[in-house]
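Got chain A; can you put chain B with the ligands on it based on the hints?
There are 2 protein chains.
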Amino acid sequence: TPQLKPYYKQVDDLAESFIERLRKAVAIPSVSSEDERRPEVVRMGNFLADELKALGASVELRALGKQPHKENLDLPPVIVARYGSDKAKRTILVYGHYDVQPASKEDGWATEPFKLTIDDKGRMFGRGSTDDKGPVLGWLNAIEAHQKAGIEFPVNLLMCFEGMEEYGSEGLDDFIAQEADKYFKDADAVCISDNYWLGTEKPCLTYGLRGCNYYSVEISGPGQDLHSGVFGGTAQEPMTDLVQVMGSLVTRDGKILIPGINELVAPVTKEEEALYTDIAFTMDNLYESLGSQTSIYPDKKSTLMARWRYPSLSLHGIEGAFYAPGAKTVIPAKVTGKFSIRIVPDMEIDDVNKLVEKHVMSEFKKLGSKNSCRVWCQHSGKWWVASPNHWNFTAAGKAVEDVWGVKPDLTREGGSIPVTLTFEEKLGKNVLLLPMGSSTDGAHSINEKLDRKNYIEGIKLLGAYLHYVAAEPKAGGK
Amino acid sequence: TPQLKPYYKQVDDLAESFIERLRKAVAIPSVSSEDERRPEVVRMGNFLADELKALGASVELRALGKQPHKENLDLPPVIVARYGSDKAKRTILVYGHYDVQPASKEDGWATEPFKLTIDDKGRMFGRGSTDDKGPVLGWLNAIEAHQKAGIEFPVNLLMCFEGMEEYGSEGLDDFIAQEADKYFKDADAVCISDNYWLGTEKPCLTYGLRGCNYYSVEISGPGQDLHSGVFGGTAQEPMTDLVQVMGSLVTRDGKILIPGINELVAPVTKEEEALYTDIAFTMDNLYESLGSQTSIYPDKKSTLMARWRYPSLSLHGIEGAFYAPGAKTVIPAKVTGKFSIRIVPDMEIDDVNKLVEKHVMSEFKKLGSKNSCRVWCQHSGKWWVASPNHWNFTAAGKAVEDVWGVKPDLTREGGSIPVTLTFEEKLGKNVLLLPMGSSTDGAHSINEKLDRKNYIEGIKLLGAYLHYVAAEPKAGGK
Ligand SMILES: [Zn+2]
Ligand SMILES: [Zn+2]
Ligand SMILES: [Zn+2]
Ligand SMILES: [Zn+2]
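The listed protein sequences correspond, in order, to chains A and B.
Residues in the first sequence are numbered from 1090 upward in steps of one, following my numbering.
Residues in the second sequence are numbered from 1090 upward in steps of one, following my numbering.
Some clues are possibly wrong.
Because identical chains share one entry, a pair is satisfied inside a single copy or across any pair of copies.
[To be verified] In silico SDA-like cross-links for lysine to any residue, where the CA-CA straight-line distance does not exceed 20 Å:
#1 LYS1291 x VAL1319
#2 LYS1159 x GLY1260
#3 LYS1447 x THR1340
#4 LYS1291 x ASP1498
#5 LYS1454 x GLU1307
#6 LYS1455 x GLN1333
#7 LYS1155 x ASP1263
#8 LYS1274 x GLY1173
#9 LYS1459 x LEU1375
#10 LYS1155 x THR1340
#11 LYS1344 x GLN1333
#12 LYS1390 x SER1534
#13 LYS1563 x ASN1519
#14 LYS1423 x SER1534
#15 LYS1178 x ALA1116
#16 LYS1459 x PRO1091
#17 LYS1390 x LEU1499
#18 LYS1237 x GLY1173
#19 LYS1159 x GLY1415
#20 LYS1455 x LEU1346
#21 LYS1455 x TYR1386
#22 LYS1417 x ASN1442
#23 LYS1496 x LEU1093
#24 LYS1471 x GLY1297
#25 LYS1454 x GLN1333
Rather than coming from a laboratory, the hints here were simulated on the basis of the structure.
Values in this document were obtained by computation on a predicted structure and should not be read as measured data.
Chain A on its own, in the form it takes in the complex:
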């Protein structure tokens, strides 16, 4: 068992300077979705690179070229760095992002979004505090605490920090594919700290994500939008057809009505079934985040299973119809319904697409309408499930127990973090999601925050994780 007390003490001693580092990072409004703030994103990348260099890491800024469809806008660089190259040690690749969501005081922030503001409960408010500047700096802070405490760093650390995560990670997949056998060649496992605890009390390790297939169903008829006074009652209206087709997809209780979809889902094993009981999650947690009690299930287990391991279908809206406040007596000529299916093991993207297309076209055909219908998958993303028995997870579990005094929950998430799957597929290594912040941090909302305790204990956790990684038995060499 690693002896981590001196490291923990050093982190506590450096706490104020680590918060100062976060303050500097939050002060840089590195909003990737706003063109005019692109220089700030680059400035944030440089800040990170300079801090890493000062810690003795070897750092490279990798250009990704121009932003697609924006000839005059360079993508921000990917910051890759290496700290240590001892062949006797394991090499861990960590990923994070240094860009943030948009924010402005006018949106309703209680404090200046780009000024780290700490209240008397130790909540550190500021855009990017929890998503993802706190976790990214966590790795730097862990290095510094080792240095100041005179403790040998237990692994070689490879770092990959991007600046476009909040705007679709433009260019990153190709970059990872390119570097899999180059810069990332030595990686034995991957650790990503860019998600959140399920609740506010208990840490978790995340080993699964749902995928997402996003569909458009377009129904068209008239040559142009029509006036309902002149044509109402004489023309077959695309909206009438679309509402019927959209109404054939899912029930009030989330049951997907597309034949064959539910049969693709992997059956629940006894082992998995037992997992849910102990997870720190209550229906009140759900009601609080919903802002209502309009849940489908009354109990924790069904709710978690519905979120993590079953597919779901949501209707998002309609393009081409009237959407503004007020009244407009239009018969839209062409309307496109949008819906998506969250997919889970063992649903293959292509199988799902085929079933969706078949069902939609058959429902439309039933209507006997003279309008035209097409349906297509706008984009798709595979689900991801890692093995929580891998040493990467075992080590993280022990680190959580040491730092937080409790075994972490093993969780999945309902949403997708596409880069997870990219690392797994391109590198062929185990990927662990190791969150720092909690469920109430409000990553993409106003008043985003990271609790002081989550930040400081989180720094301890990242360091401890690396020590436990080093201590895990090496089957067959590594």
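Chain B with the ligands only, in chain A's frame:
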């Protein structure tokens, strides 16, 4: 029978100067919906007033106060005018509007929208040419032709020309109510020239309009929009409920599914049934204006009856859902479906509202959803049907026969022209809709036009109509 030949000849002789008058009017971009063009609307009102004064009419510009919700914007004046006050003559009140729809070359106009451009087929392109500057100037031209030909004007003419018709006729209803017993006191009947022939060959007189009740149905649940990754499958989604409710309203073939609605419709009489056969209208006319063949009925009679004398229900769209191009994985927290019902005799607005509310709430209740639902009527407008046997119509019919050599079709319209009903209700007099332009004029579209022939013969028609009005027998005094 009035002797109209000298009048007709004078109109032909003055044709070029009448076109010149229209050219001047079209050159003033009197767009009522654009605040910054309000001075142009006022300039157009002044132009009209000056022309009327030059013709010897007594003219008043009546202010309507500020535009609601726009403290700094005056409504354009209503131009009221009187030409003649011979107690022995009938007095006809005519209505028109001098404002126009927006237009800009960039929308796709083949010519400058505010420059009257005449092609070799005699089509006079320009915003407002047919809606409604051509018809409004028609009355002025008729006066001038009488003066130049030395023919006594057959009636007293009261005129009411407003400048806000294309933006909801703000303030006009109150104005008409106020002046019913004052400025409009002498009116024996009303004539409005602000609609169009059913086709392109045969003139019509219009004696009926459908009304319109516009509804919102709002379904809400979560406290804020949700991410479908996190909440998909665990929350009852308002969109899912709304699509079910909207799907319960109408079939592909326009059959309204709200119980009791169809029973409110006045039965078809033998007399009415016979009317449709002779109307100059073909399915090709419909297909051309639809821009497709996606009609509900294969035949003229069913189509015209569906447009004119049966109710229809159109789904317009959804407020609060995702409506843009692309993909957004949102679960909208509150969505408002918009639909409207075109109403016909004998459907009372309140009865329809009650049936709609009952049906929507009962369909929502069937779902057993935990979300909340409300439904309300956003605005309503009564249907209007006049007696085509009134002397106002008889006179117009004779005038059409004299000018165009054919009996006019007696038509209704599927849409509403609310001012029609206001004049009928406030003045208690017969109202006639006497269109000048044809179905292909494209009133609110790009490349709006008025055919030279429709303009010139239309001026003859307006004058002839007044002569036949004067010749109609006066039952019980007038
Ligand atoms: Zn993030
Ligand atoms: Zn984020
Ligand atoms: Zn008009
Ligand atoms: Zn108009």
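We went through each hint and held it up to the structure:
With identical chains, the CA atoms of LYS1291 and VAL1319 are at most 20 Å apart between copies only, with a shortest distance of 18 Å across copies and 62 Å within one. In the homo-oligomer, the alpha carbons of LYS1159 and GLY1260 lie at most 20 Å apart inside one protomer (13 Å), although the nearest pairing across protomers, at 48 Å, exceeds that limit. Within a single copy, LYS1447 and THR1340 get their C-alpha atoms as close as 19 Å, which meets the 20 Å cut-off; across copies the closest is 22 Å, which misses it. In this homomeric assembly, LYS1291 and ASP1498 come within 20 Å of each other (Cα to Cα) only inside a single copy, at 7 Å, whereas the closest approach across copies is 79 Å.
For a Cα distance limit of 20 Å, the shortest separation of LYS1454 from GLU1307 inside one copy, 14 Å, qualifies, whereas the shortest one across copies, 30 Å, does not. Proximity of LYS1455 and GLN1333 under a CA criterion of 20 Å is satisfied in both settings, with 10 Å inside one chain copy and 17 Å between copies. In this assembly of identical chains, LYS1155 and ASP1263 lie within 20 Å of each other by CA distance solely inside one copy; the values are 14 Å within and 60 Å between copies. Taking identical chains as interchangeable, the C-alpha atoms of LYS1274 and GLY1173 lie at most 20 Å apart only when both belong to the same chain, with a minimum of 14 Å there against 98 Å between chains.
With identical chains, the CA atoms of LYS1459 and LEU1375 are at most 20 Å apart between copies only, with a shortest distance of 15 Å across copies and 44 Å within one. In this assembly of identical chains, the alpha carbons of LYS1155 and THR1340 never lie at most 20 Å apart, being 44 Å within a copy and 50 Å across copies at closest. Taking the shortest alpha-carbon separations for LYS1344 and GLN1333, both the intra-copy value of 17 Å and the inter-copy value of 14 Å come in at or below 20 Å. In the homo-oligomer, the alpha carbons of LYS1390 and SER1534 never lie at most 20 Å apart, since the shortest distance is 27 Å inside one protomer and 57 Å across protomers.
In this assembly of identical chains, the alpha carbons of LYS1563 and ASN1519 lie at most 20 Å apart only when taken from the same copy (14 Å versus 98 Å across copies). In the homo-oligomer, the alpha carbons of LYS1423 and SER1534 lie at most 20 Å apart only across protomers (18 Å), although the nearest pairing inside one protomer, at 34 Å, exceeds that limit. Taking CA atoms no more than 20 Å apart as the test, LYS1178 paired with ALA1116 passes in neither setting, with 36 Å inside one copy and 82 Å between copies. Taking the shortest Cα distances, LYS1459 and PRO1091 never come within 20 Å of each other, neither inside one copy (72 Å) nor across copies (52 Å).
Taking the shortest Cα distances, LYS1390 and LEU1499 sit within 20 Å of each other inside one copy (14 Å), while across copies they are farther apart (69 Å). When the C-alpha separation of LYS1237 and GLY1173 is checked against a cutoff of 20 Å, the pair qualifies only within one copy, where the shortest distance is 16 Å, while the shortest distance between copies is 103 Å. Taking the shortest Cα distances, LYS1159 and GLY1415 sit within 20 Å of each other only across copies (17 Å), while inside one copy they are farther apart (35 Å). For a Cα distance limit of 20 Å, the shortest separation of LYS1455 from LEU1346 qualifies both inside one copy, at 15 Å, and across copies, at 18 Å.
In this homomeric assembly, LYS1455 and TYR1386 come within 20 Å of each other (Cα to Cα) only across copies, at 19 Å, whereas the closest approach inside a single copy is 32 Å. Taking CA atoms no more than 20 Å apart as the test, LYS1417 paired with ASN1442 passes between copies only; the shortest distance there is 18 Å, against 35 Å inside one copy. Taking CA atoms no more than 20 Å apart as the test, LYS1496 paired with LEU1093 passes inside one copy only; the shortest distance there is 18 Å, against 102 Å between copies. In this assembly of identical chains, the alpha carbons of LYS1471 and GLY1297 lie at most 20 Å apart only when taken from the same copy (11 Å versus 59 Å across copies).
Taking the closest pair of Cα atoms, LYS1454 and GLN1333 come within 20 Å of each other both inside a single copy (11 Å) and across two copies (19 Å).
Of the hints listed earlier, those the structure fails to meet are numbers 10, 12, 15 and 16, in rising order.
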